[in-house]
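Visitor: Each chain is listed here by its residues.
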Amino acid sequence: MSSRQEQKAQARAEREARERAAAHSDRRRTRLLQLGAVVGVAAVVVVVLVLVLVLGGKDKPNASGGAAVAGVSDTRAMLQGIAQNGTSLGDPKAPLVLTEFADLQCPFCGAYATGVLPQIIERYVRTGKLRLELRLRRFLGTDSDVAGRAAQAAATRDRMWNFVDLFYRNQGTENTGYVTDAFLERIARAAGVPPSLVVKGATTGAAFERPLQQAEAEAQAAGQTSTPAFLIGPKGGQGKVLTVERLDIGAFTAAIDPELK
Amino acid sequence: MTRERRLHLAALAVAGLGICVAGYLTYVHYAGLEPFCAGGGHGCERVQSSSYAKLGGIPVAVLGLGGYLAIATALLAPGERARLAAAALAVVGAGFSGYLTYLELFVIDAICQWCVASAVLLTLLAVLTAWRFVLLE
Numbered sequence: 001m002s003s004r005q006e007q008k009a010q011a012r013a014e015r016e017a018r019e020r021a022a023a024h025s026d027r028r029r030t031r032l033l034q035l036g037a038v039v040g041v042a043a044v045v046v047v048v049l050v051l052v053l054v055l056g057g058k059d060k061p062n063a064s065g066g067a068a069v070a071g072v073s074d075t076r077a078m079l080q081g082i083a084q085n086g087t088s089l090g091d092p093k094a095p096l097v098l099t100e101f102a103d104l105q106c107p108f109c110g111a112y113a114t115g116v117l118p119q120i121i122e123r124y125v126r127t128g129k130l131r132l133e134l135r136l137r138r139f140l141g142t143d144s145d146v147a148g149r150a151a152q153a154a155a156t157r158d159r160m161w162n163f164v165d166l167f168y169r170n171q172g173t174e175n176t177g178y179v180t181d182a183f184l185e186r187i188a189r190a191a192g193v194p195p196s197l198v199v200k201g202a203t204t205g206a207a208f209e210r211p212l213q214q215a216e217a218e219a220q221a222a223g224q225t226s227t228p229a230f231l232i233g234p235k236g237g238q239g240k241v242l243t244v245e246r247l248d249i250g251a252f253t254a255a256i257d258p259e260l261k
Numbered sequence: 001m002t003r004e005r006r007l008h009l010a011a012l013a014v015a016g017l018g019i020c021v022a023g024y025l026t027y028v029h030y031a032g033l034e035p036f037c038a039g040g041g042h043g044c045e046r047v048q049s050s051s052y053a054k055l056g057g058i059p060v061a062v063l064g065l066g067g068y069l070a071i072a073t074a075l076l077a078p079g080e081r082a083r084l085a086a087a088a089l090a091v092v093g094a095g096f097s098g099y100l101t102y103l104e105l106f107v108i109d110a111i112c113q114w115c116v117a118s119a120v121l122l123t124l125l126a127v128l129t130a131w132r133f134v135l136l137e
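Chains as they are written, first to last, in my numbering: chain A, 1 to 261; chain B, 1 to 137.
In short, the hints are calculated from the structure, not lab data. A portion of the hints provided could be inaccurate.
Claimed, not checked - Pulled a few chain B residues facing chain A out of the computed Cβ check, cut under 7 angstroms:
#, residue
1, E4
2, R46
3, V91
On a predicted model such as this, the values are computed, not experimentally measured, just so you know. Note that CB positions come from ideal geometry on N, CA and C, so glycine has one too.
Let the sequences and hints guide you as you build the complete structure.
Guide: This is how it looks when you write it as structure tokens:
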């Protein structure tokens, strides 16, 4: 009798254990399904967040300026992955250095920056053959003065080339007073430089006068009276005046290639 | 100490670290300071001042701080729903911070060490909270 009761109790205990295990397994399966659903919903939420960020972060008007900054993706593509150090662009060990004298208001400098420079960068700078140096002048007027100091401020963050390239792509008519704080803020933000640093540098940046004065002295010593003007020479050397007949890549390769041999 | 308890404490600790990281980035954003970057460089500043540093006008650092606080709150709350909410928030955070890391590497062309740290913390949180939810008895 007692043995039969024990057998029943044992059978009941085994059945309950099986039921508990089955229930536990069901609960875990349900939770895995719930977790899968969470991951699915999370993926949708992330996609929505990414869309908001992408649509809000690309060449769009912003609060400080009002107008869009043109050429952000072109500038980014041109300079991505290339070392910048102050006013330099490219490998510091590159055997050849091309120094450009430019005025940010000068339309020919802008034409060179958007039409020829991308090819020079692709062909010579990315391959480590050439380093570029930028010397800013400001003889065209007050807007050049403000823009020059702003660009030198961007140089302290090793972002001068982004700032200058975006400046050219959004260049206004000479000396119309378009280089306002709002304009500089927009360009700075698009270039990845703190807008406050650039605006402060442009308006009260006495520290940024020195590199501009040095650039002017360098240009005058080289006998350069217009922009864009160029010097080319080996790393660490003085550099000789590079005269190009026209602002196209052919004229530059004809001058650069012999220097690399 | 049970495995569940260890996971819970680990998730709370990671969320606490995340609050510190996001809190610091929020502080430097509103104080107008340059974030400290180990080894010099201006990667953090570039990322923080890029056009991707805001989402719908709200600084991403603030969104991160809010996210960590929400995860910590869910971790401290009892019940199955709270565990699921913590896992859901952490998975969304990890996915979004993964996208932000992609932007840093391939679009902004600068790395913010604080943001990478936050991405790692959120990934850890996603694993810990999901594991804890599945282990629920």
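Visitor: Hint by hint, say whether it matches the structure.
Guide: Structure-based check of each hint:
1. Annotation: E4/B was flagged as interfacial toward chain A, and the flag is violated, the nearest CB pair being 13 angstroms apart, outside 7 angstroms.
2. Hint on R46/B holds. Least Cβ distance to chain A is approximately 4 angstroms, under the 7 angstroms limit.
3. Nearest Cβ of chain A to the Cβ of V91/B: about 4 angstroms, under the 7 angstroms cut. The hint holds.
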